[in-house]
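Take the sequences, apply the hints, and build the full model.
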Amino acid sequence: MHRYTKWSLAREILVVIASIIMLLPFWIVISTSLKTSDEVLTTSAFAPPKAATLDNFIQLLSPEGSQSGNVYQGLFSSLIITIGTVLVLIALSSAAAYVFARSTRKLSNTVFRIFLIAIVLPTQLGVLPLYIGARNLGLVGSPWGMIVIYTAMTMPFAVFLYSGFFRRLPRDYEEAATLDGASRFQIFTRVIFPQMAPATGTVAILSGLLVWNDFFTAVIFLNGSPYMTLPVVVYNFVGSLVSQWNLSFAVVLIAMAPVLLFYVFAQKKLMQGYAGGIKS
Amino acid sequence: MTITNGRIIPSGTDTKEPDPAPVRRPSGIGFGRWWWALPAVTLTIVVTYMATAFGAFFAFTDWTGLGSFKFVGFDNFVQVAKDPALVGSVRNTLFLATGYVVFTNLFGLLFALALNRTLKTRFVLRALIFMPVVLSSVAVSFIWKFVFAFDGPLNQFLSAVGLDSLKQDWLANPSLALWCILAVMVWQNIGFVMVIYLAGLATVPVELEEAAGLDGAGVWQTFTGVVLPTIRPSVAIATVLTLIQGLSVFDQVLTLTGGGPGDATQTLASQIYQQTFVYGAFGLGAAAALVLTVFILILAVVQQVVVRDRSN
Numbered sequence: 004m005h006r007y008t009k010w011s012l013a014r015e016i017l018v019v020i021a022s023i024i025m026l027l028p029f030w031i032v033i034s035t036s037l038k039t040s041d042e043v044l045t046t047s048a049f050a051p052p053k054a055a056t057l058d059n060f061i062q063l064l065s066p067e068g069s070q071s072g073n074v075y076q077g078l079f080s081s082l083i084i085t086i087g088t089v090l091v092l093i094a095l096s097s098a099a100a101y102v103f104a105r106s107t108r109k110l111s112n113t114v115f116r117i118f119l120i121a122i123v124l125p126t127q128l129g130v131l132p133l134y135i136g137a138r139n140l141g142l143v144g145s146p147w148g149m150i151v152i153y154t155a156m157t158m159p160f161a162v163f164l165y166s167g168f169f170r171r172l173p174r175d176y177e178e179a180a181t182l183d184g185a186s187r188f189q190i191f192t193r194v195i196f197p198q199m200a201p202a203t204g205t206v207a208i209l210s211g212l213l214v215w216n217d218f219f220t221a222v223i224f225l226n227g228s229p230y231m232t233l234p235v236v237v238y239n240f241v242g243s244l245v246s247q248w249n250l251s252f253a254v255v256l257i258a259m260a261p262v263l264l265f266y267v268f269a270q271k272k273l274m275q276g277y278a279g280g281i282k283s
Numbered sequence: 073m074t075i076t077n078g079r080i081i082p083s084g085t086d087t088k089e090p091d092p093a094p095v096r097r098p099s100g101i102g103f104g105r106w107w108w109a110l111p112a113v114t115l116t117i118v119v120t121y122m123a124t125a126f127g128a129f130f131a132f133t134d135w136t137g138l139g140s141f142k143f144v145g146f147d148n149f150v151q152v153a154k155d156p157a158l159v160g161s162v163r164n165t166l167f168l169a170t171g172y173v174v175f176t177n178l179f180g181l182l183f184a185l186a187l188n189r190t191l192k193t194r195f196v197l198r199a200l201i202f203m204p205v206v207l208s209s210v211a212v213s214f215i216w217k218f219v220f221a222f223d224g225p226l227n228q229f230l231s232a233v234g235l236d237s238l239k240q241d242w243l244a245n246p247s248l249a250l251w252c253i254l255a256v257m258v259w260q261n262i263g264f265v266m267v268i269y270l271a272g273l274a275t276v277p278v279e280l281e282e283a284a285g286l287d288g289a290g291v292w293q294t295f296t297g298v299v300l301p302t303i304r305p306s307v308a309i310a311t312v313l314t315l316i317q318g319l320s321v322f323d324q325v326l327t328l329t330g331g332g333p334g335d336a337t338q339t340l341a342s343q344i345y346q347q348t349f350v351y352g353a354f355g356l357g358a359a360a361a362l363v364l365t366v367f368i369l370i371l372a373v374v375q376q377v378v379v380r381d382r383s384n
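So the protein sequences, as listed, match chains A and F. So the first sequence is residues 4 to 283, counted in the working numbering. So the second sequence is residues 73 to 384, counted in the working numbering.
Do not rely on the hints blindly, as some may be mistaken.
[Unchecked claim] Which stretches of chain A does chain F cover? Using the computed rule of at least three CB atoms under 8 Å from a CB of chain F, they are: (1) 85-98; (2) 127-141.
[Claimed, not checked] Label pairs and their computed distance ranges (CB to CB): (3) F:Pro246 <-> A:Leu27: 24 to 30 Å; (4) F:Leu182 <-> A:Pro51: 27 to 33 Å; (5) A:Ala21 <-> F:Ala244: 27 to 33 Å; (6) A:Arg138 <-> F:Gly334: 27 to 33 Å; (7) F:Gln240 <-> A:Leu263: 31 to 37 Å; (8) F:Met122 <-> A:Phe79: 28 to 34 Å; (9) F:Ala125 <-> A:Arg171: 33 to 39 Å.
[As the list claims (entries may be wrong)] Here are the computed lysine to aspartate or glutamate pairs in the EDC-like style, where the Cα-Cα straight-line distance is at most 20 Å: (10) A:Lys53 <-> F:Asp223; (11) F:Lys154 <-> F:Asp335; (12) A:Lys9 <-> F:Glu282; (13) F:Lys192 <-> A:Glu15.
Don't read these hints as lab results, they were simulated from the structure. From the three backbone atoms N, C-alpha and C, an ideal C-beta is built for every residue, glycine too.
Next comes the structure, spelled out in structure tokens:
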């Protein structure tokens with residue numbers, strides 16, 4: 004039934020055409036970002052650039068470029084905040100999930116439920132008091148405040164995902180390691196945690212992308228500060244460029260580049276992460 | 073090696089051998105300490121629960137975010153129900169969420185079915201269709217802002233095929249702008265739903281499909297009789313997740329239209345942002361946020377009930 008017939012070929016052509024149409028916007032971004040301002044106005048958006056120029060990118064990326072400061076600063080804050088969140092999140096959520104998965108006490112089940120309910124609580128209501136709280140603590144516009152907030156936002160799902168993995172791990176490892184005289188901390192960091200690599204990968208990818216691409220929280224807490232993340236930088240910058248699409252799209256592409264690069268190498272793991280992380 | 077009941081049994085071991093007497097667990101066996109969970113629990117309680125509770129509390133006050141405040145009972149909710157812009161934002165949110173669920177699931181399922189087996193290009197196409205999912209929705213929305221612009225690709229295409237009469241500034245048209253936002257949301261997340269359905273389709277036994285084919289079932293009959301019942305869990309997950317995503321739509325609104333023209337494309341999330349952080353109506357923003365939270369919580373409960381019903 005699943006032999007490759009001429010109907011399969013017809014279906015294949017149909018799907019390829021549908022996909023090309025779906026991906027047309029990417030072609031438009033790339034070709035427009037390589038055009039001069041005159042060419043954007045005079046030629047079709049679908050046409051390739053007559054003489055491709057990197058001027059738009061140079062203007063944004065070279066040290067002399069008028070806007071390079073914003074772009075680099077956005078990249079820098081996005082990196083710090085994303086990496087910081089992922090590291091803190093993995094440390095705290097794996098330790099917590101391990102305790103919940105191994106504990107036989109009733110109380111720990113109740114506490115675990117706190118995370119389950121928090122998964123569905125939307126951020127929009129809590130973000131308002133958080134903003135006031137952060138303002139009183141002087142944490143608005145601070146990358147450290149953002150790391151705390153993002154860690155808390157991604158914590159419930161990370162604990163949930165980790166505890167599923169820990170429950171499937173047999174207890175024999177702990178027994179053997181205890182007999183060898185390892186301390187509880189050593190058992191966790193040296194024996195248990197390394198076996199959680201697939202879970203850690205999924206947590207890192209899903210939370211990392213969520214933080215990297217987040218706009219709602221970032222625009223509230225960071226807009227106007229020296230630590231605006233890339234989505235906020237792109238939003239402000241493109242908003243200020245009225246219809247200079249070639250320059251706008253150069254910014255858009257620069258902002259997308261790190262994730263796209265990552266995607267080229269890890270697309271399989273990424274898709275599995277989304278499908279698996281959501282299923283469990 | 074196989075894994076049975078959580079124990080790893082090396083291949084070659086005779087599994088029929090009677091279980092050895094239970095090993096006496098060494099005393100002081102290390103399963104971690106309870107306080108290792110404390111930072112995660114504290115963070116979740118303070119940043120998620122306490123903040124949400126305070127937000128709900130402020131929904132009943134006239135606070136501006138500064139100075140003192142007093143209780144106003146349900147005044148904020150009355151205002152949400154009376155203010156045409158806020159009522160419109162609730163309507164727009166429900167429209168976008170519904171359209172988002174319907175179209176992402178429709179196209180996502182179609183692509184998943186098309187790229188499940190057989191096709192030679194399926195791995196490349198899956199990767200390409202999933203790509204927009206991982207990108208910033210602000211960046212993606214700006215691409216589409218150009219597509220919908222008056223001198224943009226959409227109008228150029230329309231004049232190329234002789235439909236000049238349809239040419240217009242799409243995002244400036246109050247009745248079309250919302251559809252444009254919906255299109256961008258759907259376009260970016262078809263791959264997300266596709267991946268959920270692909271995972272579901274992988275669990276459909278090939279033999280079952282083939283048997284249905286041999287029994288003379290058509291493509292549609294095989295789909296509704298064999299495939300759909302098997303992937304029902306995926307349908308439930310994809311529907312609930314897209315519904316929750318759709319209800320909190322914000323990035324695309326702010327980037328594409330800023331809620332305009334007028335207030336034609338405001339959503340609950342964009343109103344929460346504007347009322348609170350632009351106009352300083354903290355209480356009103358909190359009331360709108362509480363409405364959104366209640367919508368989402370109801371959905372979560374419905375999903376729990378549906379899932380539990382099925383497992384019984």
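Hint check:
no. : hint                              : verdict
1   : 85-98                             : holds (count 3)
2   : 127-141                           : holds (count 10)
3   : F:Pro246 <-> A:Leu27: 24 to 30 Å  : holds, 27 Å
4   : F:Leu182 <-> A:Pro51: 27 to 33 Å  : holds, 30 Å
5   : A:Ala21 <-> F:Ala244: 27 to 33 Å  : holds, 29 Å
6   : A:Arg138 <-> F:Gly334: 27 to 33 Å : holds, 31 Å
7   : F:Gln240 <-> A:Leu263: 31 to 37 Å : holds, 33 Å
8   : F:Met122 <-> A:Phe79: 28 to 34 Å  : holds, 32 Å
9   : F:Ala125 <-> A:Arg171: 33 to 39 Å : holds, 35 Å
10  : A:Lys53 <-> F:Asp223              : holds, 19 Å
11  : F:Lys154 <-> F:Asp335             : holds, 15 Å
12  : A:Lys9 <-> F:Glu282               : holds, 19 Å
13  : F:Lys192 <-> A:Glu15              : holds, 8 Å
Comparing the model with each numbered hint stated earlier shows that all of them hold.
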